[in-house]
Every structure is written in structure tokens, then in C-alpha cells.
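Trainee: So you can see what is in the structure, the chains are spelled out below.
Protein chains: 2
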Amino acid sequence: MLNDSIRVFAPASISNVGPGFDIMGFALNEPGDEIILRKRKDRKLFIKKITGTSVELPYQPKLNTATAGIINILKEKNLDYGIDVEIHKKMGIGSGLGSSAASAVGGVFAINELLSLKLTHYELLKYSLVGESIASKAIHADNVAPCLYGGFILVRSYDPIDIVRIEYPKNIFCSIVYPGIVIKTSEARKLLSKMVSLKKAVSQAGNAAGLIAGLMKNDMGLIKRSMVDHIAESKRSKLIPYYDEIRKAAFNAGAMNCNITGSGPSMFAFSTSRHEAEKIAAAMSAVVLGFGHECIRYISGINSKGPKILG
Amino acid sequence: MLNDSIRVFAPASISNVGPGFDIMGFALNEPGDEIILRKRKDRKLFIKKITGTSVELPYQPKLNTATAGIINILKEKNLDYGIDVEIHKKMGIGSGLGSSAASAVGGVFAINELLSLKLTHYELLKYSLVGESIASKAIHADNVAPCLYGGFILVRSYDPIDIVRIEYPKNIFCSIVYPGIVIKTSEARKLLSKMVSLKKAVSQAGNAAGLIAGLMKNDMGLIKRSMVDHIAESKRSKLIPYYDEIRKAAFNAGAMNCNITGSGPSMFAFSTSRHEAEKIAAAMSAVVLGFGHECIRYISGINSKGPKILG
Numbered sequence: 015m016l017n018d019s020i021r022v023f024a025p026a027s028i029s030n031v032g033p034g035f036d037i038m039g040f041a042l043n044e045p046g047d048e049i050i051l052r053k054r055k056d057r058k059l060f061i062k063k064i065t066g067t068s069v070e071l072p073y074q075p076k077l078n079t080a081t082a083g084i085i086n087i088l089k090e091k092n093l094d095y096g097i098d099v100e101i102h103k104k105m106g107i108g109s110g111l112g113s114s115a116a117s118a119v120g121g122v123f124a125i126n127e128l129l130s131l132k133l134t135h136y137e138l139l140k141y142s143l144v145g146e147s148i149a150s151k152a153i154h155a156d157n158v159a160p161c162l163y164g165g166f167i168l169v170r171s172y173d174p175i176d177i178v179r180i181e182y183p184k185n186i187f188c189s190i191v192y193p194g195i196v197i198k199t200s201e202a203r204k205l206l207s208k209m210v211s212l213k214k215a216v217s218q219a220g221n222a223a224g225l226i227a228g229l230m231k232n233d234m235g236l237i238k239r240s241m242v243d244h245i246a247e248s249k250r251s252k253l254i255p256y257y258d259e260i261r262k263a264a265f266n267a268g269a270m271n272c273n274i275t276g277s278g279p280s281m282f283a284f285s286t287s288r289h290e291a292e293k294i295a296a297a298m299s300a301v302v303l304g305f306g307h308e309c310i311r312y313i314s315g316i317n318s319k320g321p322k323i324l325g
Numbered sequence: 015m016l017n018d019s020i021r022v023f024a025p026a027s028i029s030n031v032g033p034g035f036d037i038m039g040f041a042l043n044e045p046g047d048e049i050i051l052r053k054r055k056d057r058k059l060f061i062k063k064i065t066g067t068s069v070e071l072p073y074q075p076k077l078n079t080a081t082a083g084i085i086n087i088l089k090e091k092n093l094d095y096g097i098d099v100e101i102h103k104k105m106g107i108g109s110g111l112g113s114s115a116a117s118a119v120g121g122v123f124a125i126n127e128l129l130s131l132k133l134t135h136y137e138l139l140k141y142s143l144v145g146e147s148i149a150s151k152a153i154h155a156d157n158v159a160p161c162l163y164g165g166f167i168l169v170r171s172y173d174p175i176d177i178v179r180i181e182y183p184k185n186i187f188c189s190i191v192y193p194g195i196v197i198k199t200s201e202a203r204k205l206l207s208k209m210v211s212l213k214k215a216v217s218q219a220g221n222a223a224g225l226i227a228g229l230m231k232n233d234m235g236l237i238k239r240s241m242v243d244h245i246a247e248s249k250r251s252k253l254i255p256y257y258d259e260i261r262k263a264a265f266n267a268g269a270m271n272c273n274i275t276g277s278g279p280s281m282f283a284f285s286t287s288r289h290e291a292e293k294i295a296a297a298m299s300a301v302v303l304g305f306g307h308e309c310i311r312y313i314s315g316i317n318s319k320g321p322k323i324l325g
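Line by line, the protein sequences are chains A and B. Just so we're aligned, residue 15 is where the first sequence starts under the working numbering, counting upward by one. Just so we're aligned, residue 15 is where the second sequence starts under the working numbering, counting upward by one.
Hints may be right or wrong, so weigh each one.
Just so you know, same-sequence chains aren't split out, so a pair can sit in one copy or run between any two.
In silico PhoX-like pairs for lysine-lysine, Cα to Cα no more than 20 angstroms straight-line [unchecked claim]:
#1 K76 x K249
#2 K204 x K76
#3 K58 x K89
#4 K89 x K104
#5 K214 x K204
#6 K262 x K238
Calculated from the structure, these hints are not laboratory results. Owing to the predicted nature of the structure, the values given are computational and were not obtained by experimental measurement.
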């Protein structure tokens with residue numbers, strides 16, 4: 015039984031997880047974008063509404079992250095449908111929380127469900143990356159893959175793309191603060207050196223391997239020790255004026271780690287209970303507010319399911 | 015009940031496991047060095063015999079890998095014992111199979127058992143590294159740790175040292191060929207660039223993380239796809255004149271991978287049965303022999319126990 019419309023939720027995600035620069039990410043329970051699709055009687059595709067953002071997003075479907083993948087699916091599968099789309103952003107664009115990935119996955123997931131296309135996860139990933147690439151220029155699957163698959167994801171390789179689901183402790187919680195400052199991904203990427211020392215590359219591989227082992231072994235001590243990034247964070251931290259202070263506050267409140275997500279400015283910390291996570295988020299948030307900036311905070315477990323149908 | 019003498023076996027090990035350059039290693043069932051200790055009536059320490067090697071090894075205990083750790087233990091623990099030592103090398107020095115690590119661990123393990131010292135694994139590691147450092151100048155734990163702990167080991171960090179035991183498929187077999195050519199570790203290390211590209215560093219971390227996930231998930235396909243090294247092997251392969259041919263022969267015979275162990279010249283390949291492993295080793299060995307070089311080959315599972323008492 016097919017419906018004429020669908021409303022879906024697609025989760026935010028944490029990427030560049032400590033030593034997992036460009037290769038790891040995990041999905042959150044909140045926040046997450048909402049995408050609504052309604053069938054039209056003709057074969058046209060329109061974006062009817064975009065809410066929840068002060069950043070101007072394109073209404074041309076080919077240029078919008080949420081609809082570019084949908085267009086590709088309709089075209090490649092020779093599907094004669096017209097669709098009206100609503101995009102309800104529930105997280106900041108450029109927050110470091112995988113905002114464009116959530117919209118890209120949401121659109122592709124929604125059309126697959128609305129038309130009962132039964133596309134494989136791998137196909138959905140491919141089409142979601144079409145949307146994501148509009149926002150981020152280069153292909154980075156470390157938000158799209160966790161958003162789509164749910165859980166904790168290792169992107170072992172980009173060419174060919176190789177997505178590995180990683181088991182993780184069920185009692186891990188994440189405290190997130192999103193400070194009201196703007197960092198462009200492209201600017202954050204320019205800060206990175208094209209070369210890294212052999213020593214740092216070896217450390218990064220050691221910590222990345224350690225983090226995977228810690229997650230799969232349920233070894234909180236090992237996770238904590240492995241949450242070190244030698245490649246991006248030391249450079250990107252300069253874009254967050256109170257980076258050191260947020261970290262200090264998080265650790266003082268009992269956090270296992272405190273790192274930048276994506277290219278920032280949001281930062282996240284792990285702990286092992288909701289109560290602790292709330293305490294840590296409050297401490298991190300207090301730093302941002304103390305500097306006179308706005309701050310949104312989230313508490314979330316790792317979302318094991320990925321996107322879901324809301325109605 | 016203490017004996018006056020002890021004979022121990024300390025295993026060879028594979029290090030730089032594919033993407034695990036400087037951070038991963040595993041112990042083999044064979045070959046392995048034998049170390050014999052006999053108590054003396056005075057407080058002196060002598061190396062009485064060294065067999066199994068054409069390379070001249072020092073008979074001064076402070077300068078020998080097998081005895082330097084023993085000396086440190088006796089001194090730091092204020093132990094009034096004299097010891098005669100025999101070192102029976104069972105693998106080539108400079109083979110890439112952790113020869114010096116085996117002797118270093120063998121000596122330290124043997125004195126701990128002979129005198130019932132009940133040192134922790136971590137202490138044994140520390141003293142074994144004293145011996146290993148004589149042979150390799152820099153501290154590298156990726157042979158010593160697997161030799162001592164057994165199994166598959168991740169050295170997450172060197173400062174402080176952090177040893178992580180990794181679960182692995184029980185049906186994994188290793189084919190090893192040791193060609194009769196000489197590569198000095200110090201020469202092999204000079205070939206490495208001090209800097210690597212960001213792209214390679216990210217790939218290396220992805221494959222290192224993928225290998226750990228593959229081992230722990232018992233996912234042979236993932237192990238196979240992850241056995242790629244972007245840092246050392248492309249450079250060091252030039253020191254093995256038939257590197258490409260050995261790899262080709264291994265893959266044609268059904269191997270999951272074929273990589274250099276340590277700084278070479280030995281190469282190893284994984285497979286999932288002893289029968290396959292024998293076929294693969296024969297194919298790899300035929301290449302070396304075809305080039306007119308001597309070749310020793312080994313077939314081994316992963317040794318889960320580390321060193322053991324022979325008598």
C-alpha cells in the first residue's frame with residue numbers, strides 16, 4: 015500500500031571522531047532534519063518549503079543537497095513521478111554535525127520509502143553522496159554513511175568506498191555543544207598541511223586502530239586513551255577561541271574526551287551515563303556562554319538505526 | 015620447587031602487519047629461539063654458547079640482546095645470582111621475523127621463571143625492550159610485545175607504551191618465506207620519508223582500523239582488503255628483487271595478502287587452512303629459488319601463548 019506522502023527524520027552525526035579524521039563517524043538520536051515528500055500529478059520536482067535556517071539554501075532542486083540525490087534516482091531508474099519537497103532543518107548549517115549529510119540522506123531515504131524502490135544500502139549511499147557533494151565539494155562519507163546506516167561507521171577506503179559497521183558500548187553517551195560562531199568547512203580544510211610527519215601518521219594509525227578495538231571490546235579506558243587526533247585538531251582548534259577552555263571544562267566534569275566534530279565549531283565529549291553527559295554538556299556550554307556567544311547543547315546516545323519514517 | 019636450570023622457547027613474530035607499520039605484530043608457532051639458563055655458584059653472568067647463526071653475536075652479556083634484560087633485572091631487583099646462558103638461534107638474524115626480540119624475550123622470560131620472580135607482563139616487556147634496543151637502536155615493541163604476550167598485538171602508543179591484545183580468527187594461517195638476501199633494518203629505515211602525504215596518512219589509518227575490525231569480527235574479506243601499507247612497503251619492496259613476483263605467486267595460489275614482515279626480506283601471506291598455507295608457501299618459495307637464492311619457508315598459525323618452558 016503506497017502513500018502519497020512521507021515525512022522522515024535523518025539524524026545528525028559526529029565525524030572526524032578523534033583519530034578518525036575523514037574515516038569515522040557515528041549517528042546521533044538528536045538533532046536531525048525532517049524531509050517531507052508529496053507526490054504530484056505531473057512529473058515535476060519542486061522544493062516548496064525550507065525552514066529552520068537563516069542561511070539561504072537553493073530552491074533549485076539540482077543545487078539542493080536534499081533533492082540532488084532524488085533527481086538522480088528518478089532519472090537513473092526511469093521513474094515517472096513528480097514530487098513536492100519540504101526541508102525542515104533542525105541543526106545549524108556549518109555546525110560540524112553533518113547538516114548537509116542529514117538532508118542528503120533524508121531525501122534519498124524518503125524517496126526510496128515513498129516509492130517502495132527497495133534500493134540497497136549501498137545504492138542509497140551512492141545517491142546520498144551526490145547530494146552531500148553539492149555542499150562539501152569533495153566526497154566525504156564520514157557523515158553520510160553513519161547518518162544512513164546508523165551506529166558507528168568506519169570508512170576504510172574511499173576508492174572503492176568501503177563502509178564497515180563497528181560495534182560499540184551501549185552505555186556510551188555524547189555531550190555536544192554548538193557555539194554560535196561560523197567556520198566554513200573549506201576554510202577549515204585549507205588549514206590542514208598536505209604533508210604530515212611519519213611519526214604523526216604512525217600515531218594516528220595507532221589511535222585509530224585503538225579506538226576501533228576499544229569500541230568493539232567495550233573498553234572505556236582504551237577509547238579514552240585513543241581519542242587523540244594528530245592531523246587536524248591541533249590546527250582547527252585555532253578557529254575556536256575557547257577550545258582549550260571547553261576541553262578543560264569537559265574533563266573536569268568527568269568526560270572521557272573532548273574533540274571537535276567535523277570541521278567544528280561544535281565539540282563533543284563521551285561519557286557513560288545520561289546524567290554524566292548532562293553535567294558535561296552544561297560545563298562545556300557554560301564556557302561558550304561565558305565568552306558571550308550563543309550555545310546550543312545536545313545530549314545523545316549513538317543512534318543505531320539511522321533515518322526513520324515519522325509519518 | 016626451584017630448578018637449577020631452565021630451557022625456554024621464544025617465538026618469532028611478524029611485524030609491520032600490512033597497514034600496521036610500527037604498531038602491529040603477531041607471534042608465530044615456529045620458528046623460535048631457545049634460551050637455556052643455568053645457575054652458577056658465584057654471582058657472575060656468562061654467555062657460554064651461541065649456536066644457529068653465522069652472524070657473530072657478542073659474548074659480552076651487556077651487549078647481547080638475550081642477556082641485557084637479565085642483567086637489568088638482577089641489578090634492579092638486587093638478586094645475588096650467577097647465571098650461565100646458552101643462546102640457540104633458530105631463525106636468521108635480519109630475517110624480518112623478530113630474531114632479536116625472540117632472544118630478548120627468551121632471556122627475560124627464562125630468568126623470571128627460573129628464579130620465580132613473578133614479574134608482571136608489563137615489567138617483562140620493559141626488560142625485554144632493553145635487550146631489543148641493543149639490536150635495533152630505537153625502541154620498537156611491535157616484535158617484542160607479540161613475542162612476549164602471544165597473539166595479535168596493537169602497540170597503540172609508544173609514549174607511554176600501550177599494548178592492546180586483539181582477538182583474531184582461529185583459522186588464520188600464515189605462509190612465510192625467508193629469502194637468502196640481507197637487508198639491514200637501519201638501511202630499510204633510511205629509505206622511509208620523514209613526511210607522508212595527508213592522503214596516505216588517512217588511508218593508512220583507515221586500513222589499520224579496518225584490519226583491527228576485520229580480525230575482531232572474523233571478517234576475512236575485510237582483513238584482505240585492509241592489508242595495504244601506504245608508508246613503508248612501496249619503498250622497502252625495492253630491496254627485494256622479486257617482490258612483485260612473490261606477491262603474484264602468493265595471490266595466484268589463493269593468498270589473502272602478501273606483505274613484507276619487519277623490514278624484510280621475509281614475506282608473509284594469510285590464508286584460512288594449513289593446506290592452503292602450504293600451497294601458498296610453496297609457490298612463494300619457488301619464486302625465490304627460481305632467482306637462484308636460498309629460501310627457508312615456514313607455515314604457522316598465530317601463537318596465542320608467547321614463550322614457553324621446554325624443560
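Trainee: Which hints, by number, does the structure contradict?
Mentor: Structure breaks hints 1, 2 and 4.
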